[in-house]
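Engineer: One letter stands for each residue in the lines below.
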Amino acid sequence: MNRNKGKKALLLSLVLIMTMALMSACGGSNGNNGTSSNSGNSGNSNTGQKDNEGVSNAPETTSEQPAKSGEAEELSLFIDASWYPVKEWKGPVAEKITEKTGIKLKVTVATDDKQLPLMIASGDLPDLVFTNANIDRMSDSKLSYPWNELISKYAPDFKIDPIRIAIHTMDDGNFYTVRNSFATQEEVAQNKYSVGSDGNPGIAVREDILQELGNPPINTIDDFMKVLGMVKAKYPDMIPLIMDKDWIEQYFLTQFGVEGLLDGWYERDGKVDYAIRQPEMLEFFKFMNRLYREGYILAENFAYTNDQIDDQYATSGKAFAHMHTVSVADSDNVKVKNAGGSYTFRMLPSSISTNAKAVSSGLGFAGTFITKKNKDPEASIKFLQYLASDEGKKLTMFGVEGEHWTWNDEGYPNLKYDPSDADFVNSNGIKWWYLYNDGVTEGMLSYVPGAQKTKALMERKAFTVYKPELGLIQLQPDSDEKTIKTKIDEMIKNEKVKIYLAKSEAEAVATYANMVKNAEKIGLDRLVDWANQTYQKKKDLFKK
Amino acid sequence: MELDTRVTGMTEKEKTRTQFWKRFKKQKTLHLFVGLGMIFLLVFAYTPMYGILMAFKQYSISSGIKGIFMSEWVGLKHFKEFVNDYQFGTIVRNTLVLSLLKVFFAFPAPIVLAVLLSEVKNMTFKRLVQTISYMPHFISWVVVAGIAFAFLSTDVGMVNKALLGLGLIDKPLDVLTNPNYFWGLATGSAVWKEMGWWTIIFLAAIAGINPSLYEAAQIDGAGRLARIRHITFPGMQGTIVVVLILTIGSILGGGLVGSNFEQSFLFGNSINSPTSEIVQTYAFKVGLKDGRFSYAAAIDLIQSVISVILIFSSNFIARRASGSSLF
Numbered sequence: 001m002n003r004n005k006g007k008k009a010l011l012l013s014l015v016l017i018m019t020m021a022l023m024s025a026c027g028g029s030n031g032n033n034g035t036s037s038n039s040g041n042s043g044n045s046n047t048g049q050k051d052n053e054g055v056s057n058a059p060e061t062t063s064e065q066p067a068k069s070g071e072a073e074e075l076s077l078f079i080d081a082s083w084y085p086v087k088e089w090k091g092p093v094a095e096k097i098t099e100k101t102g103i104k105l106k107v108t109v110a111t112d113d114k115q116l117p118l119m120i121a122s123g124d125l126p127d128l129v130f131t132n133a134n135i136d137r138m139s140d141s142k143l144s145y146p147w148n149e150l151i152s153k154y155a156p157d158f159k160i161d162p163i164r165i166a167i168h169t170m171d172d173g174n175f176y177t178v179r180n181s182f183a184t185q186e187e188v189a190q191n192k193y194s195v196g197s198d199g200n201p202g203i204a205v206r207e208d209i210l211q212e213l214g215n216p217p218i219n220t221i222d223d224f225m226k227v228l229g230m231v232k233a234k235y236p237d238m239i240p241l242i243m244d245k246d247w248i249e250q251y252f253l254t255q256f257g258v259e260g261l262l263d264g265w266y267e268r269d270g271k272v273d274y275a276i277r278q279p280e281m282l283e284f285f286k287f288m289n290r291l292y293r294e295g296y297i298l299a300e301n302f303a304y305t306n307d308q309i310d311d312q313y314a315t316s317g318k319a320f321a322h323m324h325t326v327s328v329a330d331s332d333n334v335k336v337k338n339a340g341g342s343y344t345f346r347m348l349p350s351s352i353s354t355n356a357k358a359v360s361s362g363l364g365f366a367g368t369f370i371t372k373k374n375k376d377p378e379a380s381i382k383f384l385q386y387l388a389s390d391e392g393k394k395l396t397m398f399g400v401e402g403e404h405w406t407w408n409d410e411g412y413p414n415l416k417y418d419p420s421d422a423d424f425v426n427s428n429g430i431k432w433w434y435l436y437n438d439g440v441t442e443g444m445l446s447y448v449p450g451a452q453k454t455k456a457l458m459e460r461k462a463f464t465v466y467k468p469e470l471g472l473i474q475l476q477p478d479s480d481e482k483t484i485k486t487k488i489d490e491m492i493k494n495e496k497v498k499i500y501l502a503k504s505e506a507e508a509v510a511t512y513a514n515m516v517k518n519a520e521k522i523g524l525d526r527l528v529d530w531a532n533q534t535y536q537k538k539k540d541l542f543k544k
Numbered sequence: 001m002e003l004d005t006r007v008t009g010m011t012e013k014e015k016t017r018t019q020f021w022k023r024f025k026k027q028k029t030l031h032l033f034v035g036l037g038m039i040f041l042l043v044f045a046y047t048p049m050y051g052i053l054m055a056f057k058q059y060s061i062s063s064g065i066k067g068i069f070m071s072e073w074v075g076l077k078h079f080k081e082f083v084n085d086y087q088f089g090t091i092v093r094n095t096l097v098l099s100l101l102k103v104f105f106a107f108p109a110p111i112v113l114a115v116l117l118s119e120v121k122n123m124t125f126k127r128l129v130q131t132i133s134y135m136p137h138f139i140s141w142v143v144v145a146g147i148a149f150a151f152l153s154t155d156v157g158m159v160n161k162a163l164l165g166l167g168l169i170d171k172p173l174d175v176l177t178n179p180n181y182f183w184g185l186a187t188g189s190a191v192w193k194e195m196g197w198w199t200i201i202f203l204a205a206i207a208g209i210n211p212s213l214y215e216a217a218q219i220d221g222a223g224r225l226a227r228i229r230h231i232t233f234p235g236m237q238g239t240i241v242v243v244l245i246l247t248i249g250s251i252l253g254g255g256l257v258g259s260n261f262e263q264s265f266l267f268g269n270s271i272n273s274p275t276s277e278i279v280q281t282y283a284f285k286v287g288l289k290d291g292r293f294s295y296a297a298a299i300d301l302i303q304s305v306i307s308v309i310l311i312f313s314s315n316f317i318a319r320r321a322s323g324s325s326l327f
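So the protein sequences, as listed, match chains A and B. Counted the way UniProt numbering counts, the first sequence spans residues 1 to 544. Counted the way UniProt numbering counts, the second sequence spans residues 1 to 327.
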């Protein structure tokens with residue numbers, strides 16, 4: 001009897017403990033949808049109500065405290081890029097901007113690409129959001145203030161050129177942001193010192209090793225493969241080619257004449273199609289697979305979640321070639337030198353193939369959104385207006401005038417520092433506060449007579465074709481086409497690695513064919529039809 | 001509370017309300033405990049359930065909480081989409097295989113360890129083993145993933161360095177990236193992390209067995225193995241059945257070690273995704289990253305329904321087979 005009772009008690013307590021354990025264990029996965037969507041909803045309905053409040057309150061409470069009133073107003077900013085090199089609002093540039101605008105920023109840099117979607121879902125948005133991956137999603141009147149509304153209300157003298165507005169105008173007639181790093185073909189043509197931004201691919205190779213190999217020429221892709229083979233034979237402990245996790249495809253896509261990235265569009269004879277269906281794409285995939293099969297790249301390289309690993313390989317002398325952006329040789333050299341190393345990197349030419357072709361369909365890089373949670377939309381739009389002024393653009397891009405640069409009457413800044421010295425640039429907050437800027441100003445930062453980056457960019461500029469119309473094929477949030485594209489892109493992300501790591505060329509080709517078939521099954525043709533319609537409608541925007 | 005009403009129900013039917021309140025007052029401290037738990041469940045488990053609605057609707061996050069009720073009804077569209085997804089077969093297979101592997105290995109492990117520990121006579125050694133074995137339970141999976149990297153990475157991993165140094169392998173093992181290693185890695189690390197923790201419960205069950213049974217058996221000439229087989233195991237049976245039922249109920253989440261999502265999320269990468277992508281990580285990706293809440297809700301709903309069916313059927317079978325059951 002007594003023992004039975006004890007057993008019951010044991011059983012009961014067991015059940016209790018285990019239900020708790022169960023709940024905490026399941027909470028991880030099941031909770032995701034339930035709780036997050038839930039709080040997201042409440043967050044959103046709140047913002048709905050706050051709409052009007054925010055706007056009507058703002059002028060009374062804050063318009064009376066301009067820049068000079070000692071205390072700067074603090075706005076929160078979320079940067080949706082985990083690799084972002086500046087993480088705090090400090091340094092001479094930030095201080096100068098605060099001095100001019102009376103605004104300082106409380107910065108949060110994303111830990112991964114899911115953080116912003118999570119914040120949107122939970123309604124937990126900061127005052128400002130700076131993003132490139134979620135521009136579609138944030139361009140939504142429920143999440144952000146339309147710039148046009150704020151400009152007509154608070155900053156009527158904030159003038160933005162019509163092309164930029166047209167590019168960013170959504171179906172509801174509003175535009176919610178303007179991306180930085182964008183320049184029209186004419187603007188680029190008019191400014192010969194604007195050579196381009198860091199955001200272009202490049203490969204750097206070890207000069208000393210190249211010399212030991214007898215300076216073989218690298219003029220074609222085959223030459224490059226041969227050199228990698230020589231490196232592998234002579235230095236078996238060395239990794240022939242290490243790649244930055246975000247710059248795995250770009251350089252070789254360009255070499256094979258593929259227009260656009262894996263998730264982009266290409267145009268031929270007035271018709272638009274998805275990039276993975278370009279004939280050149282297969283050649284690219286075969287080549288990447290060959291790199292792997294020959295043992296020139298690491299399989300692990302495709303699994304890196306940290307963008308520093310490749311830098312470590314390169315600057316600790318464990319890799320021969322380092323693929324990243326056009327500034328990779330310059331910045332690696334600075335790092336090696338600071339660490340006391342004696343070897344140097346040299347850029348490969350931007351083109352090592354006669355097929356090389358770069359299509360600039362870019363509409364710029366990232367844009368700033370003034371969210372509905374913003375506590376002072378007026379100050380925010382004025383802050384952006386300052387950054388968009390000529391003074392603001394130069395201040396953010398080059399640094400403090402006089403201290404960091406002086407203007408050369410030829411039409412470019414004489415920089416008093418090396419723009420490839422990442423430590424200097426980042427600690428002074430140069431460039432990275434470009435919440436509003438343009439490609440012309442940014443392109444000038446790269447003009448340093450004699451620098452490797454400048455040379456690489458000028459080479460690249462020579463074979464770049466401009467097709468900004470392609471960039472206008474933009475998806476509306478929550479549309480069926482957006483869903484299809486997201487699914488296709490996600491599928492490509494999974495499948496492409498299988499192609500790269502295929503055991504034979506035949507397997508690579510089969511996997512590629514399978515990937516295209518999968519895309520078609522998900523609805524590629526419907527997406528392409530839609531894209532063509534949009535393209536025909538929008539391409540006249542750029543015709544004068 | 002249930003117990004309480006049953007007790008009141010057992011006394012004569014004529015007993016009036018006043019008596020019920022009297023009893024209630026007497027047990028108010030106990031009711032307070034139960035009440036808190038019930039409020040917890042009501043707020044965090046039952047209330048959010050209305051969100052299931054959106055699995056059948058074209059819901060968009062920007063339409064807010066109203067959207068759950070106002071959005072267009074699309075019926076089984078999301079369910080069909082999931083079933084027709086090109087990855088459907090792979091991720092369902094991965095989920096099932098991982099879950100079954102964990103039940104197969106992670107369920108017996110703590111039972112065996114508990115029996116072994118109960119036979120250890122040296123108390124210091126027993127406590128030491130117990131402490132060391134349950135410690136990993138308190139480390140979060142994020143940290144475990146970091147530790148795994150330090151041990152197993154091809155480049156800086158200790159294990160690979162050691163094996164290479166000893167000349168046992170001539171090429172580093174790509175445990176973290178090769179799809180062929182993922183299931184072993186997941187099951188192994190889950191067993192390592194949770195085995196000691198669950199041993200505690202089984203040890204408690206063993207402690208509840210009357211020592212006189214052992215003495216009697218010893219006098220009758222039963223050896224150690226015979227005693228384990230005829231006394232320890234039957235004595236643990238109730239506990240084992242309850243744990244098994246709960247394990248099966250949560251099987252799709254990884255059973256009693258419950259870590260399918262964390263492992264696939266943290267150890268998974270684009271190279272081992274053919275074996276590491278599971279239903280939960282897929283739902284997380286499309287649900288949160290792509291903002292398709294209706295679709296994700298539909299996927300998770302399928303999973304929950306399967307779990308409910310499993311827990312009821314395993315409970316039924318357990319009751320028929322062994323007489324002990326959860327409810």
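It is possible that part of the hints are untrue.
Pulled a few chain B residues facing chain A out of the computed Cβ check, cut under 7 Å [as the list claims (entries may be wrong)]: (1) 60; (2) 62; (3) 83; (4) 86; (5) 164; (6) 177; (7) 269; (8) 289; (9) 290; (10) 321.
If you're looking for bench data, these hints aren't it; they were derived computationally from the structure. Here the structure is a predicted model, which is why all the values come from computation and not from measurement. Beta carbons: idealized from backbone N, C-alpha and C, even for Gly.
Engineer: Next step is simple, just say for each hint if it's right about the structure.
Structural biologist: Hints, one by one, checked against the model:
no.: 1; hint: 60; verdict: holds (5 Å)
no.: 2; hint: 62; verdict: holds (4 Å)
no.: 3; hint: 83; verdict: violated (13 Å)
no.: 4; hint: 86; verdict: holds (5 Å)
no.: 5; hint: 164; verdict: violated (12 Å)
no.: 6; hint: 177; verdict: holds (5 Å)
no.: 7; hint: 269; verdict: holds (4 Å)
no.: 8; hint: 289; verdict: holds (5 Å)
no.: 9; hint: 290; verdict: holds (5 Å)
no.: 10; hint: 321; verdict: violated (17 Å)
In summary, the numbered hints that this structure violates are 3, 5 and 10.
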